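Engineer: Protein chains in written order, with my numbering: chain A, 421 to 766; chain B, 421 to 766; chain C, 421 to 766; chain D, 421 to 766.
Worth flagging that the hints you see were computed from the coordinates, not collected in a lab. Incorrect hints may have been included.
Said to hold, decoys possible - Which bits of chain C does chain A cover? Going by a derived footprint, with three or more residues having C-beta under 8 Å, they are: (1) 427 to 440; (2) 467 to 476; (3) 687 to 697.
Unchecked claim - Partner residues are not named here, just some residues of chain D that face chain C (Cβ under 7 Å, in silico): (4) Ile594; (5) Cys615; (6) Asn620; (7) Lys622; (8) Val627; (9) Gly644; (10) Thr648; (11) Ile658; (12) Leu663; (13) Phe718; (14) Leu725; (15) Lys727.
A quick note: this is a predicted structure, and the numbers were derived from the prediction, not measured. Where is the CB? At the ideal position from N, CA and C, for every residue including glycine.
There are 4 protein chains.
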Amino acid sequence: MKVGIIGASGYTGLELLRILANRPHTEVSFVTSRQDAGAPLTKFFPSLAGHPQYDRLKMEKPEDLADRADIIFLATQHGVAMNLASSLLESGARLIDLSADFRLKSAEVFNHWYEEHKAPHLLAESVYGLPELYRQQIARARLVANPGCYPTSLILALAPLLRLNLVDLSRPLIADSKSGVTGAGRGLARSNTFCEVQENFKAYKVVGHRHTPEIVQELSFLAGQPVTLSFTPHLLPINRGILSTIYVSLNQPVSVSAFRAIYLDFYANDPYVRIRPEGYAPETADVRGTNFCDLGFFPESSTGLWKIISVIDNICRGASGQAVANLNLMTGCPEDLGLTGLALRP
Amino acid sequence: MKVGIIGASGYTGLELLRILANRPHTEVSFVTSRQDAGAPLTKFFPSLAGHPQYDRLKMEKPEDLADRADIIFLATQHGVAMNLASSLLESGARLIDLSADFRLKSAEVFNHWYEEHKAPHLLAESVYGLPELYRQQIARARLVANPGCYPTSLILALAPLLRLNLVDLSRPLIADSKSGVTGAGRGLARSNTFCEVQENFKAYKVVGHRHTPEIVQELSFLAGQPVTLSFTPHLLPINRGILSTIYVSLNQPVSVSAFRAIYLDFYANDPYVRIRPEGYAPETADVRGTNFCDLGFFPESSTGLWKIISVIDNICRGASGQAVANLNLMTGCPEDLGLTGLALRP
Amino acid sequence: MKVGIIGASGYTGLELLRILANRPHTEVSFVTSRQDAGAPLTKFFPSLAGHPQYDRLKMEKPEDLADRADIIFLATQHGVAMNLASSLLESGARLIDLSADFRLKSAEVFNHWYEEHKAPHLLAESVYGLPELYRQQIARARLVANPGCYPTSLILALAPLLRLNLVDLSRPLIADSKSGVTGAGRGLARSNTFCEVQENFKAYKVVGHRHTPEIVQELSFLAGQPVTLSFTPHLLPINRGILSTIYVSLNQPVSVSAFRAIYLDFYANDPYVRIRPEGYAPETADVRGTNFCDLGFFPESSTGLWKIISVIDNICRGASGQAVANLNLMTGCPEDLGLTGLALRP
Amino acid sequence: MKVGIIGASGYTGLELLRILANRPHTEVSFVTSRQDAGAPLTKFFPSLAGHPQYDRLKMEKPEDLADRADIIFLATQHGVAMNLASSLLESGARLIDLSADFRLKSAEVFNHWYEEHKAPHLLAESVYGLPELYRQQIARARLVANPGCYPTSLILALAPLLRLNLVDLSRPLIADSKSGVTGAGRGLARSNTFCEVQENFKAYKVVGHRHTPEIVQELSFLAGQPVTLSFTPHLLPINRGILSTIYVSLNQPVSVSAFRAIYLDFYANDPYVRIRPEGYAPETADVRGTNFCDLGFFPESSTGLWKIISVIDNICRGASGQAVANLNLMTGCPEDLGLTGLALRP
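Let the sequences and hints guide you as you build the complete structure.
Structural biologist: In structure tokens, the structure reads:
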């Protein structure tokens, strides 16, 4: 099978290449980077050297790509994929877009949070690429909108409760999320320099982060009614990992074992969701470099709240690893093909 | 003035010595460490070398200390100070205890969360050493209970709102706190080794952390009624710093400028509390090595919640720096004597 | 094929399990830890959860292991393997010892640097498990002494030059090496706590590190004469990675291209050694989680010295990954079976 | 006394402001940043908020500065000071230049390593601002060239040996140096982003780093003859700190105690150089935020080499702290005024 990567010069591109390097029967037929066209791939990313395919690839301009891949990953910034998707689809390729361009079902909502959408006619067709929720639709999709990292972390943590109508939705859900720096991408910004991040911790976009509508959309679909969410992202001095601490009120008493049973049942056929033993607080290092989402549950008798802790690797499960899981579903392969590695810990 | 430090072999001891090194007219007359008695101080802590006083000090056993200091810092683990306090007070010394032994007003509560209290008769006399709330009482105290790090971060963030009865107390307050590793002390534990912490992030003691009753006690005093708190500590891969993200519902509409004005007014005479400009999210690096508590406020219209962000240096403002501020109050010195340094950033 | 791990509770044990998890046709039939016997493996190492084999394993006492594995990894501290090796070999197992017990050919040298050797009769038989130098012997070995991490980094960097007699051996070779903290193992020590390592850097065992005789032994074999080495290890605030900067005088002029050609030729059939392009300084992140050794060469005209920079992942190539490479050789498998992953970067 | 800072928007500017905040009788009368002119200083650097002087300052354009300061710090990039110095000196100010512009005595050497020098007539007058070597000259200087960070680390480590002619200069001195990321300044560069530095280590400018001629100049002055140096800088994943490991051959046998005595004697009146006890390997954390240079000495009998380990805080002792020490000398103040703080450790 041939795949191509448009926008291969960022960290999601690099992570795709890392994962695909070990996926059987996979040929990466092109990698593009408008800015770095002509550069040998392994000169651009020296960690990829020694891989027979990659040693031969060069960055290309994103032009004349028709018929060169069965499935194309779009690993570009927001706003690029919506300009390219129509013509790529017409050329016969199937697309996995890692940006936000096709995640929101409503063009108006997109226009409000981002910019004027250039391909709103594709929003209805695009499938939200969270395998645990949309496995069948992904398998048949021409256009998969790969979920955001924070949304992946939060939706997986709340899906079982919301679908079973167990959450008291009269109050806002509260999600306090902390992300590693790869979440900000490979671009240059003062706030991502080593000296600003090391030995530091801060919240950012404290109100109104652009992942909010995506999360709310999916949580509301699950609940069958509008959900209100208070979401606060923070920047961790680590490369990889998101940990979300979620505060939820249930609308009925549930024992810990019943709570765990709900999740074990909901994710019974999902290879990537690990329901942690009672009392174990998930750690980001447990999922580093993997597609796992680890979940832990903590009832607090003094307040009546449940605390749900969810961890993923933001750039693997929250981006490129999930994209490969979608590739697997789209091509009828085992869902974890190329994704069976355990965490690099420590 | 002569001061002594009992339990000088931990990080709070080291931080006390760092701060006192530049405090005018201060003689550190003894440092004790039962386990390391006899060791030259600057061999034990090489970073202190070159300071004339410290070059001469040796760790001593904590014995025969009467009359050797006007004020004694107890920088020991929980459970030690309550055994030593009575006799030290009788010898005429005034005490600043950095442990939890004298923070809780109720012996029963202490017994429940820690162990059987050995000096419950002193609980009524001890003064909670948060200068912004108890300045007058600290000045006269014989026994000051230096606040915990998480409590300092949270009480300062909530005091103005609670005292003005602006908080909807029908719901639990939610405090999502993240701390650097010095908060765990200098003892050996697997969970504090470099390889377990670096490139990792986790929550710990997700329910029932022992700082909870201390925080609830002071918040309830401020509110004039019982307060319910959901508190979740996390471990950051940094040495120093606590950032707390607090989610609060008010019982009436308040504009951002009015909200800030409340805090500016409440802390008008406090040199260490910095109310940050609108929209600026406090960062732990801004307070590294200082006694500052930086506060930022973020109303969220979609949920009706306020997010309050509070940062301190857990080992300076949250322990040893605050202890020196208390020393200053107890001895009639300017409250910031020896504490005027700005953050070491980056 | 069945393998077992004695001493599976350390970081080399964890890394072995991470690598073996994806090696085809491999059954880990037992894991032992005297101290933690009885503990479910995935409770001990939660990052391993979700792997069908590992979910069923428990730590065992290291007893009655005969006939339970074809090849046994000894991932214990120095001094353990030499007590176990004879009886394990008699039971028919082949051994890969990750400790220093069988690396030195001379019992006297071992006795000098470590302690009285308990199985000196096995030293002649044991094979030094560096595939690039001893591929044939490893294939037939009953007992493989897996190289130390620093030695791996240095021997690979110098082997081609020494074997071709290009080095001026009248002066000491100088190797300035820097290692991540996993090199110190998983035991508890003050010097490995987060707060002592983070934002810090130091040399340790500045003179007389115990890897010195192992390095000197192999360099001298390569040179055909005694080699003098000045070796200085340093502790990096990272989990994984060794970078060695080596200062060498050649005994004749060599151009850069000729220098590179010598290495390219020497390692022509070795999948793990990457000779970097001229001017590229190898980085530890390029090899994280892999078996690669990256080499870069820099002639300095002003001094006449060559600087050779060598990087490996100390716990993968420098320990467990190399052990699996040896397993591959011993069982006639492709040398990189299970080891084809690229670096997890960033 | 009034001081001004030209180029206050970088990390050396921030560090100057941190140090000067606590220096008695010091008024910072202006701070300039061409690019950020108009910005309130504490908005630009929020860690400085709360300081009465700084709360009132704004970044200015570097114009019309005559008569506004007695001493002006130039904390700009290389190439700026040489354009400004003449007119500033004419206006009566005395200058401390933290860039490389006035460190080299030879305009030709400068032209070779940097660019065409614009004020070569000032090179003879400028004084190299290393207090331990040029105390008297600094006191009288109009123009002080503040030393580079690597040079500070190396010159202090070698000065006593070279002045006493104890070094075998027939071989190159070898200096393997490792620096924190603040050494690269506050500008944006891919190589300084968090994700490229965290969990990584590398050498850079392996041959021909521009600090080399400055180091060689001063070492040669000390030796009274040309010195050959092999210098290799590396990038540490820490904010602050340089550790240099130096390999030296002596031209005669010296005992360890004699070696230490030479240094103790040479630096007998220098408050910032700490000769460490035998066997103690200096750590960068011991000097964080201070003006100390810690030195340790290790003879290696097997090779005949001495290893000298030198640590400084690159941005304090290696830049802004040293600049304040020079300010002290130039104004007849105690050399450590404002610089008596001990390391912030951990």
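Engineer: Now tell me, hint by hint, if it's right for this structure.
Structural biologist: We went through each hint and held it up to the structure:
Beta-carbon proximity to chain A at under 8 Å applies to 4 residues in the stretch 427 to 440 of chain C; the threshold of 3 is reached and the given coverage holds. Here the stretch 467 to 476 of chain C counts 5 residues with a CB under 8 Å from a CB of chain A, which clears the bar of 3, and the coverage holds. Here's how the stretch 687 to 697 of chain C fares: 4 of its residues keep a CB closer than 8 Å to some CB of chain A, so the rule of at least three is met and the hint holds. Hint status for D:Ile594: holds, given a least beta-carbon distance of 5 Å to chain C, under 7 Å.
Interface restraint check: D:Cys615 against chain C, minimum CB-CB distance 4 Å, threshold 7 Å, status holds. Interface hint status for D:Asn620: upheld, as the beta-carbon distance to the closest one in chain C is roughly 4 Å, under 7 Å. Interface restraint check for D:Lys622: the shortest CB-CB distance to chain C comes to about 4 Å, inside 7 Å, so the restraint holds. Against a cut-off of 7 Å between C-beta atoms, the interface hint on D:Val627 holds, since the closest Cβ of chain C lies about 5 Å away.
Of the supplied interface hints, the one on D:Gly644 is violated, with its beta-carbon coming no nearer than about 20 Å to a beta-carbon of chain C, more than 7 Å. Hint on D:Thr648 holds. Least Cβ distance to chain C is approximately 6 Å, under the 7 Å limit. Annotation: interface hint on D:Ile658 holds; nearest CB of chain C at approximately 5 Å, less than 7 Å. The interface hint given for D:Leu663 is met, as the beta carbon of that residue sits about 5 Å from the closest beta carbon of chain C, less than 7 Å.
This hint holds: D:Phe718 has a C-beta 4 Å from the nearest C-beta of chain C, less than the 7 Å allowed. Of the supplied interface hints, the one on D:Leu725 holds, with its beta-carbon coming within about 5 Å of a beta-carbon of chain C, less than 7 Å. Taken as an interface hint, D:Lys727 checks out: its beta carbon lies about 6 Å from the nearest beta carbon of chain C, inside 7 Å.
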